[in-house]
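Protein chains in written order, with my numbering: chain A, 1 to 362; chain B, 1 to 362; chain C, 1 to 362; chain D, 1 to 362; chain E, 1 to 362.
No lab work stands behind these hints, which were simulated from the structure alone. The beta carbon of each residue, even a glycine, is placed where N, CA and C say it ideally should be. You may find that some hints are simply not true.
Ranges between beta-carbon positions, derived for each pair [to be verified]:
no., chain 1, residue 1, chain 2, residue 2, range
1, C, S257, E, L50, 50 to 58 Å
2, D, V344, E, L343, 14 to 22 Å
3, D, F355, C, R357, 30 to 38 Å
4, E, L343, B, E204, 53 to 61 Å
5, E, L343, C, F328, 30 to 38 Å
6, E, S255, B, D288, 57 to 65 Å
7, D, R240, C, S255, 44 to 52 Å
8, D, S257, E, A244, 49 to 57 Å
9, B, W334, A, I348, 24 to 32 Å
10, E, I90, C, S255, 55 to 63 Å
11, E, L343, C, A349, 17 to 25 Å
12, E, K63, C, K63, 22 to 30 Å
13, A, W361, E, L343, 41 to 49 Å
Pairs of lysine-lysine, DSS-like flavour, derived with a Cα cap of 27 Å [said to hold, decoys possible]:
no., chain 1, residue 1, chain 2, residue 2
14, A, K109, D, K109
15, A, K359, D, K359
16, C, K63, B, K245
17, B, K109, A, K109
18, D, K359, E, K245
19, E, K245, C, K109
20, D, K245, E, K109
21, A, K359, B, K359
22, B, K56, B, K44
23, A, K245, D, K109
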Amino acid sequence: MLCEGCERMKKIIKSRTQKAGLPPGTLVHLGERREDSSRINIFKYSEENLEEKEIKIGEIPEKLPGEGEVLWVNIDGLHEVEIIERIGEIFSLHPLVLEDILSTDQRPKVEDYGEFLFLVLPMFYFSTDEDTIIAEQVSLILGNNFIISFQEQQGDVFSELRRRLRTKKGLLRRRGADYLFYGLLDSIVDAYFLILEKVGEDIEAIDDLLLEKTDSGLLREIHRVKREMIFLRRSVWPLREAIAKLERRETTLISESTLIYLRDVYDHVIQIIEAVETSRDLISGIMDIYLSTVSNRMNEVMKVLTIIATIFIPLTFVAGIYGMNFVFMPELEWSWGYPLVLLVMGLIALGMILFFRRKRWF
Amino acid sequence: MLCEGCERMKKIIKSRTQKAGLPPGTLVHLGERREDSSRINIFKYSEENLEEKEIKIGEIPEKLPGEGEVLWVNIDGLHEVEIIERIGEIFSLHPLVLEDILSTDQRPKVEDYGEFLFLVLPMFYFSTDEDTIIAEQVSLILGNNFIISFQEQQGDVFSELRRRLRTKKGLLRRRGADYLFYGLLDSIVDAYFLILEKVGEDIEAIDDLLLEKTDSGLLREIHRVKREMIFLRRSVWPLREAIAKLERRETTLISESTLIYLRDVYDHVIQIIEAVETSRDLISGIMDIYLSTVSNRMNEVMKVLTIIATIFIPLTFVAGIYGMNFVFMPELEWSWGYPLVLLVMGLIALGMILFFRRKRWF
Amino acid sequence: MLCEGCERMKKIIKSRTQKAGLPPGTLVHLGERREDSSRINIFKYSEENLEEKEIKIGEIPEKLPGEGEVLWVNIDGLHEVEIIERIGEIFSLHPLVLEDILSTDQRPKVEDYGEFLFLVLPMFYFSTDEDTIIAEQVSLILGNNFIISFQEQQGDVFSELRRRLRTKKGLLRRRGADYLFYGLLDSIVDAYFLILEKVGEDIEAIDDLLLEKTDSGLLREIHRVKREMIFLRRSVWPLREAIAKLERRETTLISESTLIYLRDVYDHVIQIIEAVETSRDLISGIMDIYLSTVSNRMNEVMKVLTIIATIFIPLTFVAGIYGMNFVFMPELEWSWGYPLVLLVMGLIALGMILFFRRKRWF
Amino acid sequence: MLCEGCERMKKIIKSRTQKAGLPPGTLVHLGERREDSSRINIFKYSEENLEEKEIKIGEIPEKLPGEGEVLWVNIDGLHEVEIIERIGEIFSLHPLVLEDILSTDQRPKVEDYGEFLFLVLPMFYFSTDEDTIIAEQVSLILGNNFIISFQEQQGDVFSELRRRLRTKKGLLRRRGADYLFYGLLDSIVDAYFLILEKVGEDIEAIDDLLLEKTDSGLLREIHRVKREMIFLRRSVWPLREAIAKLERRETTLISESTLIYLRDVYDHVIQIIEAVETSRDLISGIMDIYLSTVSNRMNEVMKVLTIIATIFIPLTFVAGIYGMNFVFMPELEWSWGYPLVLLVMGLIALGMILFFRRKRWF
Amino acid sequence: MLCEGCERMKKIIKSRTQKAGLPPGTLVHLGERREDSSRINIFKYSEENLEEKEIKIGEIPEKLPGEGEVLWVNIDGLHEVEIIERIGEIFSLHPLVLEDILSTDQRPKVEDYGEFLFLVLPMFYFSTDEDTIIAEQVSLILGNNFIISFQEQQGDVFSELRRRLRTKKGLLRRRGADYLFYGLLDSIVDAYFLILEKVGEDIEAIDDLLLEKTDSGLLREIHRVKREMIFLRRSVWPLREAIAKLERRETTLISESTLIYLRDVYDHVIQIIEAVETSRDLISGIMDIYLSTVSNRMNEVMKVLTIIATIFIPLTFVAGIYGMNFVFMPELEWSWGYPLVLLVMGLIALGMILFFRRKRWF
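Kindly generate the complete structure, drawing on both the sequences and the hints.
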């Protein structure tokens with residue numbers, strides 16, 4: 001397998017080619033089937049009251065909540081298409097929205113349908129069960145006084161938010177659906193820092209390895225992190241645009257006072273983007289050091305070869321001369337011939353070494 | 001042949017230089033002659049009725065369809081220029097539009113002529129006959145209640161759409177020409193994912209080969225895929241602008257409700273662009289790994305050479321010394337001389353090996 | 001000589017430093033003197049009549065043509081400054097315009113002076129006499145019902161246009177000066193594809209050579225083409241802006257119906273830019289392949305050295321051992337000593353070869 | 001440790017993951033605890049009077065200063081959250097502002113809350129105690145006639161400003177809070193040049209080292225400086241936007257006459273950005289020289305090896321020939337054989353040397 | 001010394017850190033003291049009259065010139081701060097303007113103070129005394145009917161302009177201060193081509209050297225030119241913005257008819273920018289050729305080594321075999337043994353040479 005990034009890309013492409021030619025709004029769940037059965041949870045609250053329960057498909061409230069009340073319907077699991085269809089009918093969602101919810105390969109985007117806002121973005125969270133970071137797609141529908149959230153499977157980053165909903169304290173119960181919408185968005189964005197943390201650890205691990213070994217495995221590791229970063233960047237950049245669009249939006253669904261909070265989320269997204277950019281710079285610096293280290297080792301290898309060879313090749317030549325079998329070679333008969341030749345050899349070696357010293361080769 | 005990209009480029013340039021100086025609107029078919037004879041098919045439908053037939057040039061309906069009716073004229077094959085001229089007369093198209101239809105080297109663009117919209121874009125589809133991906137240019141004319149489509153040859157991605165037209169169910173029969181226009185556009189864009197799939201497979205194949213061989217053939221293969229990507233990118237980027245222009249368009253030819261569907265097509269085009277960008281990143285990562293692998297192999301070769309040479313060169317020198325023919329060389333007459341020298345040689349070799357070990361060369 | 005690009009740059013710089021400090025509007029011909037004497041040609045036509053003749057400086061018509069008539073004055077050769085001055089007086093052109101016409105180093109630009117439009121751009125054409133591509137600067141003045149064109153020397157890309165002017169058929173005679181302006185512009189732009197064709201041929205020639213030799217001459221050739229591309233790009237990019245400016249222009253000099261034709265020219269310029277960009281991508285791909293081929297050859301050279309050296313160095317060492325002159329070397333006296341040693345050597349060589357095979361070195 | 005940049009990044013990410021899920025406006029000090037106890041200083045001045053003192057939390061003036069008076073409250077140390085809360089109450093600051101003040105990982109930004117402006121930016125100063133450059137975050141609140149500044153610890157760049165406040169001369173006492181705001185901003189920005197100076201020194205030191213050694217330690221040093229630059233750039237770029245925003249601001253808090261001074265600060269920020277960009281160019285040039293020097297040394301090593309080896313290998317071969325023990329080798333018995341062979345060897349060596357000379361190898 | 005660019009950068013940084021904390025408008029001359037004493041020259045002219053003289057500080061005209069008259073005050077030398085102060089008083093300039101005039105490290109900018117325009121930009125000119133190109137900063141103040149110009153030292157590019165002022169002919173005397181302003185700007189910009197000429201010569205010199213030697217000195221030379229280009233680019237880019245700003249300006253200080261001339265200056269600045277960009281492309285191409293030449297030489301060195309070594313190593317081995325002292329070696333006693341071995345060696349050598357030929361190594 002090449003990388004997550006391209007696996008994901010392949011998934012997107014596959015699902016698209018499967019659907020090619022079908023009429024728009026055809027509801028087919030494009031993505032892995034992650035759960036056995038879908039679950040529907042609702043929170044219905046006003047400043048005073050709170051109702052929280054898990055319901056079946058038939059129990060989805062058909063009436064919109066009254067003034068001062070907020071309804072949050074959360075669906076875990078997307079493969080039971082009839083649930084999505086039912087909700088589409090009750091809240092009169094556009095067929096294309098339903099289609100987008102079911103295609104778990106969306107790039108983050110926000111769409112304003114007048115009656116409601118549609119936001120889709122990826123969510124990352126740490127699953128203690130599987131001891132790994134899980135990515136799934138969340139779709140949020142913000143209506144006048146309701147929110148519907150669609151997740152691919154159980155488990156999310158909203159537990160702290162639910163706790164705050166259950167207590168009467170805090171702004172959450174006193175403000176409208178738009179503030180809950182902000183709360184959900186903020187929780188998802190805050191969890192992105194998790195991945196940055198993991199990437200940061202990977203970079204440090206690579207940096208440590210760099211001093212020890214320089215095989216092509218390390219290079220592949222560097223590229224793996226690079227690809228993760230590309231993937232993360234592709235997720236966060238459109239999110240930035242989407243939230244900026246929300247801020248500019250003249251929609252009446254988001255109140256003036258909540259917009260200030262959205263600006264805060266926007267700041268966090270910018271921080272994530274900058275962290276990703278910084279990581280990219282770090283990784284490309286590590287890449288340079290890797291390549292330079294490889295070439296430095298090569299240099300050292302060559303130097304050793306050159307030093308050994310250039311010292312001994314002339315010596316061997318001298319020895320070769322006196323190994324010749326000429327009948328008439330006067331030196332051979334001198335009694336000091338042998339020690340003299342050894343001396344000459346020693347001097348040649350010494351000269352070579354001094355030459356290398358002067359060249360600062362060692 | 002260098003590459004498809006540059007073949008195409010050459011084609012464009014050639015055809016332009018042929019036409020240089022001719023008055024604008026001169027109808028000459030610029031491109032390969034792909035079919036023996038052109039074919040004209042018409043679909044004429046309202047919610048209730050559907051008429052579908054293949055016609056001759058003389059049978060092209062001269063009257064525009066009535067209220068509530070939609071006419072789709074499809075022409076396969078562009079070299080019978082009289083057909084294009086005839087249609088230009090009947091539907092009063094601008095000469096430059098006819099010229100653009102005949103030049104099968106257009107970059108994707110949309111043009112608003114008030115009475116009608118003109119969209120030209122490439123279409124890719126898998127031909128089961130030839131077992132290969134075929135690229136041709138499609139020109140679409142969207143009028144008030146008619147659509148004219150021009151293709152270079154038979155075979156297209158509209159078969160599913162035709163099936164949906166023939167059945168009474170679905171929105172297609174109930175909506176106007178703009179919705180059919182969307183349908184055609186959507187079918188073409190969806191088919192782009194086909195090429196991405198092929199490119200993805202090529203990238204994976206290269207990635208697998210990378211572990212085995214690193215000859216310059218592989219590099220050329222990498223560049224071939226890179227060029228395909230450049231080519232695809234050049235096709236899709238202007239398409240993005242063209243569809244964005246459609247969305248902004250104040251034309252009355254596209255209804256409000258169809259615009260939402262165009263936004264969906266726009267999203268798909270963005271997804272394709274992102275997939276292309278991701279592929280480019282992957283390919284450039286593969287390029288880095290390729291170059292690094294090549295240099296790592298070189299390193300290994302050099303190391304082997306250095307190890308062998310630096311171990312044996314000093315040993316050979318020692319052997320050379322005792323091969324000298326000096327009359328007075330006391331060591332030669334020692335009875336332990338020979339084993340001693342062998343021992344010394346062994347120690348030198350061992351020392352060298354330990355030195356390389358410490359340097360972590362193997 | 002380094003390159004055309006920098007020759008041209010030097011020319012621009014030189015001419016500027018010559019003129020430094022002179023008052024603006026000083027008419028000095030900056031550029032090579034390309035012709036011995038200037039020539040003036042006029043076309044005066046209405047739908048019915050056509051007058052075409054070569055005139056002298058004194059014969060330049062002082063009266064603007066009447067309603068329904070179009071006057072095209074073409075000047076070949078810029079060094080007879082008095083002609084330019086005279087025309088400037090008659091048509092009341094701004095001194096800076098005259099100065100720009102005489103400086104044959106302008107980047108393409110369009111300027112609106114209310115009474116007239118001023119467009120300057122380079123023209124490329126194939127001279128059959130000299131069998132080479134010639135570049136010169138063309139300045140066009142578009143007035144209400146006249147056009148003045150200034151060229152550096154005789155020979156241009158307007159012969160087809162002149163032929164069309166002489167025949168009564170076609171739009172050219174029926175439309176105004178703005179349509180002739182479009183015609184001139186279109187002819188010039190269409191001729192750009194000529195150079196692209198030449199560049200394309202150069203690229204292919206380089207690509208073919210790449211498989212055979214990799215000397216630094218080829219690299220210089222690659223850079224020459226690269227520089228031509230830079231040069232072409234520098235010419236075409238500002239032209240794009242200039243024509244876009246024309247399209248946006250609220251000038252009354254260009255009629256609504258001619259604007260559509262300008263849009264067509266704009267499309268061609270975009271196509272040229274894209275072809276240049278594609279060529280750049282191709283060239284940079286060729287560069288990569290060149291560098292990689294060079295390094296692959298190096299690799300192969302090193303491998304051969306390493307294989308030969310590592311096989312024979314140990315063998316030579318073995319031979320060296322039995323060349324030593326020790327009195328006590330039992331192996332020397334064995335009758336099977338010599339064949340045994342040869343066998344050992346053969347085994348060592350075989351081992352080495354198997355080792356290289358396993359390493360996939362050959 | 002990899003680098004400051006990524007340490008900082010890690011800090012940001014850590015602090016965010018700690019806070020994930022908490023309601024917005026929860027006041028937790030995110031950052032190192034830098035001081036034991038917080039200090040509050042106030043300056044209250046009009047053109048005539050000046051009151052300066054250190055106060056306790058209970059003594060914070062609850063009444064806003066009168067007309068013509070300016071109040072500057074400076075807080076050193078952020079961990080005593082109750083102080084921040086108290087000030088938030090008195091000056092009715094938005095909870096998100098208080099949260100941002102406490103998070104010492106903000107990117108520079110300006111926010112307009114109508115009643116007050118909020119500016120956050122990093123401050124760098126040279127601490128004579130610790131002989132090092134210290135970075136801390138400063139938050140400035142500009143109200144109608146008050147300024148509140150929050151610093152992480154004692155020590156800042158405002159001492160010159162305080163001195164000017166204490167003297168009656170100068171504009172500072174005569175102008176309003178907005179001019180003091182400008183003064184603070186200007187002092188902070190001017191101090192950025194300090195870091196540029198240090199970076200400049202580092203670059204020069206590296207440049208000097210480059211001539212002497214080329215180990216990978218130097219490369220790491222180059223990358224360290226590169227990372228510092230990335231870090232600095234990330235700090236200054238958003239500051240540029242922030243100040244540009246201030247200039248455009250229609251706020252009534254900043255008077256027309258002070259805006260001109262802000263333009264001056266803006267110019268300084270641009271100068272810093274350009275200096276950073278120039279440093280980046282220098283560093284990347286140094287990088288190129290480094291890599292080229294490494295490869296040149298390699299070249300030289302290879303040349304020495306090649307010269308020695310190619311001179312002696314043929315000589316050794318000649319010696320080897322006459323070391324063969326064939327019974328019938330006529331040369332061996334010639335009385336001039338030995339000197340002749342020596343002569344031949346000398347000629348071979350000379351030929352080689354001349355060959356290398358012609359190749360300009362030394 | 002690393003480079004001019006960074007020297008200049010250091011100067012800017014140094015001067016800033018010196019001034020840190022001082023109140024704005026503090027007049028300190030930041031820059032080298034270039035002249036011993038400042039000189040003041042005035043030109044006072046109308047269409048009819050011209051008054052030109054050198055004056056002392058006390059003689060600066062306190063009254064603005066009358067209708068139809070233009071006053072040009074030129075100051076050479078900035079260290080006599082009292083002159084600047086005096087002029088500031090008389091013409092009521094903003095303190096920040098005076099400060100900017102004295103800081104000779106400004107990036108080019110234009111500022112509109114309503115009453116007057118302030119333009120600062122670098123000036124380059126060839127000093128015949130010192131036979132070198134000198135760079136200094138020029139500040140221009142354009143008032144209703146006066147111009148004040150501040151230079152760092154004597155010597156400028158205005159001598160031609162002064163000559164034109166002294167003669168009655170030409171537009172200069174007939175037009176207002178804005179036209180003189182244009183004249184000054186034009187002279188300065190035209191002189192920029194001087195440096196481009198020098199850079200062009202440097203590039204050509206490097207290109208010639210490239211064929212001869214490839215030491216790291218050449219690389220440093222390449223980088224020196226690169227840095228000069230970076231420096232020049234940094235000077236000219238902001239100038240482009242500044243002049244574009246002037247063109248858009250609704251100021252009444254520049255008349256409609258002069259704006260056309262400013263457009264001409266703008267065109268020249270664009271030409272300079274393009275020439276700089278072209279030079280950058282040329283330099284980076286030269287860099288590529290340099291690196292490739294270095295690696296090609298390395299290749300050639302390696303090839304020679306490999307050819308020599310691979311030919312002689314096997315031969316030496318053969319010689320080594322027959323140098324062994326085995327008692328039983330039948331070949332040694334053959335009478336054709338020696339010639340046969342020589343023949344075998346010759347064949348081996350020939351085989352190797354043919355092998356290299358086939359590999360196209362030489």
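Results of checking the hints against the structure:
no.: 1; hint: S257(C) to L50(E): 50 to 58 Å; in the structure: 56 Å, holds
no.: 2; hint: V344(D) to L343(E): 14 to 22 Å; in the structure: 19 Å, holds
no.: 3; hint: F355(D) to R357(C): 30 to 38 Å; in the structure: 36 Å, holds
no.: 4; hint: L343(E) to E204(B): 53 to 61 Å; in the structure: 56 Å, holds
no.: 5; hint: L343(E) to F328(C): 30 to 38 Å; in the structure: 36 Å, holds
no.: 6; hint: S255(E) to D288(B): 57 to 65 Å; in the structure: 59 Å, holds
no.: 7; hint: R240(D) to S255(C): 44 to 52 Å; in the structure: 46 Å, holds
no.: 8; hint: S257(D) to A244(E): 49 to 57 Å; in the structure: 27 Å, violated
no.: 9; hint: W334(B) to I348(A): 24 to 32 Å; in the structure: 26 Å, holds
no.: 10; hint: I90(E) to S255(C): 55 to 63 Å; in the structure: 56 Å, holds
no.: 11; hint: L343(E) to A349(C): 17 to 25 Å; in the structure: 22 Å, holds
no.: 12; hint: K63(E) to K63(C): 22 to 30 Å; in the structure: 52 Å, violated
no.: 13; hint: W361(A) to L343(E): 41 to 49 Å; in the structure: 42 Å, holds
no.: 14; hint: K109(A) to K109(D); in the structure: 25 Å, holds
no.: 15; hint: K359(A) to K359(D); in the structure: 22 Å, holds
no.: 16; hint: K63(C) to K245(B); in the structure: 46 Å, violated
no.: 17; hint: K109(B) to K109(A); in the structure: 25 Å, holds
no.: 18; hint: K359(D) to K245(E); in the structure: 58 Å, violated
no.: 19; hint: K245(E) to K109(C); in the structure: 19 Å, holds
no.: 20; hint: K245(D) to K109(E); in the structure: 19 Å, holds
no.: 21; hint: K359(A) to K359(B); in the structure: 22 Å, holds
no.: 22; hint: K56(B) to K44(B); in the structure: 16 Å, holds
no.: 23; hint: K245(A) to K109(D); in the structure: 19 Å, holds
Figure legend: structure checked against the earlier numbered hints; hints not met, in rising order: 8, 12, 16 and 18.
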